[in-house]
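Residue numbers for the sequence shown follow the UniProt record's numbering, beginning at 1 and rising by one.
Hints were generated in silico from the structure; no laboratory data involved. Careful, some of the hints might be misleading.
DSBU-like mimics (lysine-lysine), calculated; alpha carbons at most 35 Å apart, straight line [claimed, not checked]:
1) K498 / K557
2) K645 / K459
3) K588 / K277
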Amino acid sequence: MITLAAPRPAPATEIGSAPRAAMGSRMSGFYRHDLDGLRGVAIAMVAVFHIWFGRVSGGVDVFLALSGFFFGGRLLRAALTPGVSLRPGREVIRLGRRLLPALVVVLAAAAVLTILVQPETRWETFADQSLASLGYYQNWELANTASDYLRAGETVSPLQHIWSMSVQGQFYIAFLALILGLAVLLRRILRRHLKAVFVVVLTALTVASFVYAIFAHNADQATAYYNSFARAWEMLLGALAGALVQYVRWPMWLRTIVATVALAAILACGALIDGVKEFPGPWALVPVGATILFVLSAANRLADPHTGGRLPAPNRLLATAPFVALGAMAYSLYLWHWPLLIFWLSYTGHQRASLLDGAGVLLVSGVLAWLTTRYIEEPLRYRAPAATSPAVPLRKRLRRPTIVLGSVVALLGVALTATSFTWREHVTVERASGKELSGLSARDYPGARALLNRAKVPKLPMRPTVLEATKDLPATTNDGCISDFDNIGVINCTYGDKTATRTIALAGGSHAEHWVTALDLLGRLHNFRVVTYLKMGCPLTTEEVPLVMGDNRPYPKCHQWNERVMDKLIADRPDYVFTTSTRPWNVKPGDVVPPSYLGIWDRLSQNRIPILAMRDTPWLVRDGEPFFPADCLADGGDAISCGIKRAEVLSDHNPTLDFVAQFPMLKALDLSDAVCRQDYCRAVEGNILLYHDSHHISATYMRTMTNELGRQIAAATGWW
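Working from the sequences, and respecting the hints, build out all of it.
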């Protein structure tokens, strides 16, 4: 998950580019072949760790720091040089010429592979992320996905890696605006002190970004991982190094030690630090700091004539041809290796690549990267003087291959954008036609009644369709009546008979929430109201450090919310609290009552508030990973192959019943027989798709469970 491009005009190196000229500017003294080699090391680490270890190597942080060094350092030097003008329009065009051609080609290829390899349920996500990648906001698209509990089980995107390019692109524009603004405002006023002003401002921004990254990491690491400002300090440090490198005067023995330690830290980073969980927090200082030290370790013969421009031994090693050649195609190799890996895993159904499979993916990625660099990146990146000279007739200029190549790439970008918008519109139209799901014929679509009442099931198309499923949600989600991950406030909404005096409090996480569809219908029918006390991924629990079910990341705000919601429940004194009473075992088949639920039941019982304890519905997991039945069905599966054995997700005995004697006010509810057959939980029953994702019951199927839920609540409450 990195971006390797650090654009710059000649004479300056850029991430992923072949060596063309001197580093930075005339002031910099000599070309840094060793940094080309460092790019080669970083892309090798990234690809190897992605393909065989499923870990973050720290390579993204190396490249972000180098991006700041090349791009930011060059702009700073230009701003500080009298007589040198900054032209933002030209800089933006140069960025586009450098970054977009290879990106468009890879996105177009990925679009074709998505259609050929992945089910149509994944096409909408690809369209969204394709547009986000082209618009350089992919990091925010992924941040929204990471914070969306209902999308937590989605398959890994083949475009996930482009998040860092978006971060980098946003940094380029923001940094360009900052430097240009300061230069225009202060160049004439503070000529002698302009450098100090730049250093102070950038240092302040770097510190602010780093502090923000720490707080954001602790609050919600999954979202902070993609946050632009939480990543900005990595590039700002590189920019500061680019401005100050010419003043570094270390003896050769110290340069050698620094370079050796820095390179060792970079190589060891992926093995010793779990970047997926620890970045962009303090541990990101290891790859970023090591990169900055490696940059500063090389001699600059203009700044330090005593070294004669000699490089320390580690730098000389990375300046050799193999490392430089690999670094030259780093950008394209990064673009290709991740989608090829994801498509291969999707095609084979494997969770990890074997040694042979991974080698094949790496080989194909390398070939495509070389071809992309040689025949797309380089021809469009560098503008030949003769091609734009007025002396060359227009007719001859238009015949140049680069014009044709540029036109083809532009057309690919337009076609990709148009196709993405068209598919999104198609999905929107199909979902709009699904508004009548609430009025499906009970005879044609019996759903749970086919299991409970042996209702006949006519041969009709399944509803919701695989494209409708993701939006077949409970009203509380659409109404904003469930607190998201960041919100610790208690949101109360009322359903059922809103004027009734009898109240059922629907409390807990989204697995309590999906019952609101049936409870709302029952409330209207039997004169009680349903008041919500809900938070995403957060059941009623006394757990001090709750974990998000599925990815096991810490969820401290769940504990804070639980403290608030329990106080409010006791103060509001509903007639009953409806909540889930079981969870899946993480270590073996079946389900269990978590010990942390008992404290909740005890407190409610002490306050004389009875509990309607609903056994949780099955979570669909295959090979340790959640799966979407809609994806499986769209990929050619059927109701059985896209389901799961009952014994894997439900114990023979409802674990809640073991605690009824201990908690007399606990009323056990169990609708397992409404979602599973005696031995199997199918994906479709009574012509209705059970799940809208991997573990939440669709609103359409929930409606068909209303009668059975009503029967069990009546027996527990005596209300009707």
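Verification of the hints:
The straight-line distance between the Cα atoms of K498 and K557 is roughly 30 Å, inside the 35 Å bound, and the hint therefore holds. Distance check on the hinted pair: K645 and K459 sit about 24 Å apart at the alpha-carbon level, within 35 Å; holds. About 25 Å separates the Cα atoms of K588 and K277, which keeps this hinted pair within 35 Å; it holds.
In the structure shown, no violation is registered for any of the earlier numbered hints.
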